[in-house]
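Chemist: Spelled out, the chains give:
Protein chains: 2
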Amino acid sequence: MTISPLALPFPELPAVAGVRIGIATAGYKAWTRADVLLVELARGTSVAGVTTRSRCPSPEVELCRARLSGGRARALVVNAGNSNAFTGEAGRAAALAQGAEVARLLGCGEGEVFQASTGVIGVPLPAEKALAGARAAHGALGEADMAAATAAIGTTDTFAKAAVSYAMIGGERTALVGIIKGSGMIAPDMATMLGFIFTDAAVAPELLQDMLAAANKQSFSCITVDGDTSTSDTVLAFATGSGGGAALSGWDSPGAQAFSAALGDLCGQLARLVVRDGEGSSKLIEVRVAGAVDEASAHKVAMSIANSPLVKTAIAGGDANWGRVVMAVGKAGEPAERDLLAIRFGEVLVAADGAAVPGYDEAPVAAHLAGDEVLISVDLGLGQGQAKVWTCDLTHGYISINADYRS
Amino acid sequence: MTISPLALPFPELPAVAGVRIGIATAGYKAWTRADVLLVELARGTSVAGVTTRSRCPSPEVELCRARLSGGRARALVVNAGNSNAFTGEAGRAAALAQGAEVARLLGCGEGEVFQASTGVIGVPLPAEKALAGARAAHGALGEADMAAATAAIGTTDTFAKAAVSYAMIGGERTALVGIIKGSGMIAPDMATMLGFIFTDAAVAPELLQDMLAAANKQSFSCITVDGDTSTSDTVLAFATGSGGGAALSGWDSPGAQAFSAALGDLCGQLARLVVRDGEGSSKLIEVRVAGAVDEASAHKVAMSIANSPLVKTAIAGGDANWGRVVMAVGKAGEPAERDLLAIRFGEVLVAADGAAVPGYDEAPVAAHLAGDEVLISVDLGLGQGQAKVWTCDLTHGYISINADYRS
Chain H
1 MTISPLALPF PELPAVAGVR IGIATAGYKA WTRADVLLVE LARGTSVAGV TTRSRCPSPE
61 VELCRARLSG GRARALVVNA GNSNAFTGEA GRAAALAQGA EVARLLGCGE GEVFQASTGV
121 IGVPLPAEKA LAGARAAHGA LGEADMAAAT AAIGTTDTFA KAAVSYAMIG GERTALVGII
181 KGSGMIAPDM ATMLGFIFTD AAVAPELLQD MLAAANKQSF SCITVDGDTS TSDTVLAFAT
241 GSGGGAALSG WDSPGAQAFS AALGDLCGQL ARLVVRDGEG SSKLIEVRVA GAVDEASAHK
301 VAMSIANSPL VKTAIAGGDA NWGRVVMAVG KAGEPAERDL LAIRFGEVLV AADGAAVPGY
361 DEAPVAAHLA GDEVLISVDL GLGQGQAKVW TCDLTHGYIS INADYRS
Chain W
1 MTISPLALPF PELPAVAGVR IGIATAGYKA WTRADVLLVE LARGTSVAGV TTRSRCPSPE
61 VELCRARLSG GRARALVVNA GNSNAFTGEA GRAAALAQGA EVARLLGCGE GEVFQASTGV
121 IGVPLPAEKA LAGARAAHGA LGEADMAAAT AAIGTTDTFA KAAVSYAMIG GERTALVGII
181 KGSGMIAPDM ATMLGFIFTD AAVAPELLQD MLAAANKQSF SCITVDGDTS TSDTVLAFAT
241 GSGGGAALSG WDSPGAQAFS AALGDLCGQL ARLVVRDGEG SSKLIEVRVA GAVDEASAHK
301 VAMSIANSPL VKTAIAGGDA NWGRVVMAVG KAGEPAERDL LAIRFGEVLV AADGAAVPGY
361 DEAPVAAHLA GDEVLISVDL GLGQGQAKVW TCDLTHGYIS INADYRS
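Chains as they are written, first to last, in the working numbering: chain H, 1 to 407; chain W, 1 to 407.
Because the hints were derived from the structure by calculation, they are not lab data. There is no bait here: all hints are sound.
Not everything, but these chain W residues come out facing chain H in the computed CB check (under 10 Å):
1. Ser230
2. Asp319
3. Met327
Treat the numbers as computed from the prediction; the structure is a model and nothing was measured. Just so it is clear, CB atoms sit at the ideal spot from N, CA and C, and this is done for glycine as well.
Isolated chain H, as found in the complex:
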């Protein structure tokens, strides 16, 4: 697997108090790499989460949803290589058994175990391998770091993706660390691929959920690789409270705004990392829409552009084909007036007043498109609604990966 040309180096991550990591090889595929991650979390850890809106979710997603209502987590277990989605009773039984085994090993309730699986759809998680893998990862707790954890949850990912942000709470610097995987079947519907966030801040579960939902709306819900929404999308945030800092119980707690901002920053970083590893991607594309009738409308228009195969192939070819942007605005089904549109590539205005700008010079636009980060801005000229989304280009690499790989 060739590493994405948009890959970023793995960041230096601070330790998060209250978090212990173990990895193991269950052998979900014919490989020797680690494919089970177990994270032990301190007693009293708060948890929040967002999951796929797919009508066909995996049993792990259903278990996460059910357990999130408790607000507390002692463990996270992740299987890579098998998503366990659409696997009926056998798959559900295997997921339950693995969760129960982790609860037994850690001496906690099953409702405090959070599970996620990623990989091929339709093959039941092999229960024996899942149990043995969980036991082995438990035996290795404390031996692995976040880099190893990130590697253990990847599938078609071409590089390990993690990020960090900081918030000042009561004069103390608190770290938020996130890891994420995903490179195809990416169009999270108010949810996302698999992403896990750890902090040793003390945050009440309801507040953490509010903050995560808000961050999700501006990050994971604003990216798309191929417009295809996974059956397994899950983002969980864990706050262990082991850092010794002041507790955040509500939005008016000192430091809550700073923590929320840091969480938003972290989610944005993680989301863009996923796009940077979009299957076959060679360019990171930011689409900005302004002047829409409202924010929801701006988001839909931006997603229509970001999901258009013709726009994405044009960018892949370095072609300043703004006509395809017009097309994508036109098909979005949202209020738009052809003769009010203004379209920019990078900082250059290319079309306005229903036509190309007079004396349009393609040279600076071509230079912008030759880079590996492309900005497309559209002003609809109707109102104050704005949105920003991220996607990647559509290349031969996407076809090669997906005409062969059984996801």
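Since the structure of chain H is provided, determine the placement of chain W on it from the hints.
Modeler: Just chain W now, with coordinates in the frame of chain H:
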């Protein structure tokens, strides 16, 4: 340009009384092929039409919409190589000038001239070329046949697409002939690419419009190549009344039902021809959805499957990846219950009751996928809603065509 492996031979077409065809080379691109089509229609010809729902339509589309209210046509003029979309005042003026020139040449009202253009977006139609082309095509009226007309309206099309159907009206056989172009930017939104239908039946304009709208709903609105909706989609039906048959004035006229059925048949043939020439296509895919809560819901689920890049690349790779069909059902945003889904490839049931069928044998499915026509059937198990749509697979050919071609 390689001819699509799904190409069909050009059919034998009967003459349509009241129709005279001329073609010419305006030179919209650096080529010597004919790129202007003029069709002269008998006085009193009825016209009906459906056009794109894009919010950014071309001036030709706007003119067609305005003129359709008159219900009568004397001429059709089509330019290939330049869509004249998003070209502001200059583009609109050029379209008006070409229409006026055709009206002058034929001695009819401008409101009886129907126009369409296809090709690159954002370059104003060059007025001098458009006028010279229209005059040359007028001078050549009667010299060209439907095959030449079809060739003259093509752009990235790899084969000429036409079809014929027949209706018995008052004991007489009446022919309906259709020609169509389009191979990318195909996701007609209750409308279509450029398609033109000719018959010498006598049909009242309002009835023809009703029939075309009904046929469109089951044909052009049920195909997608890439989910991208053109700014120029137009289908026009012309009934010259020159055949001498009984006039169809309403749904209860003898022969009206037969004519409507023949029109529906013709539109279905034309729509599937477009999919057969979908950019880079190597397989024609029919998606059937049954058991939805209603017809609209079935259509949305079917389109979600037909537009999924992961489903389309799997079919390109001959991979019986039904998990991606589950994914596409799940993301459609329509009522669906994971454990009620049944999925078939060809005639073979592959998944039901929330899992792969017991003893699933992939061999007959692989054999079906090796052919060039693939059937995917999904039963949602909820209600009586059904839909059928057509698409093609997604291959390297699509990327090659669109990362280079300026559409």
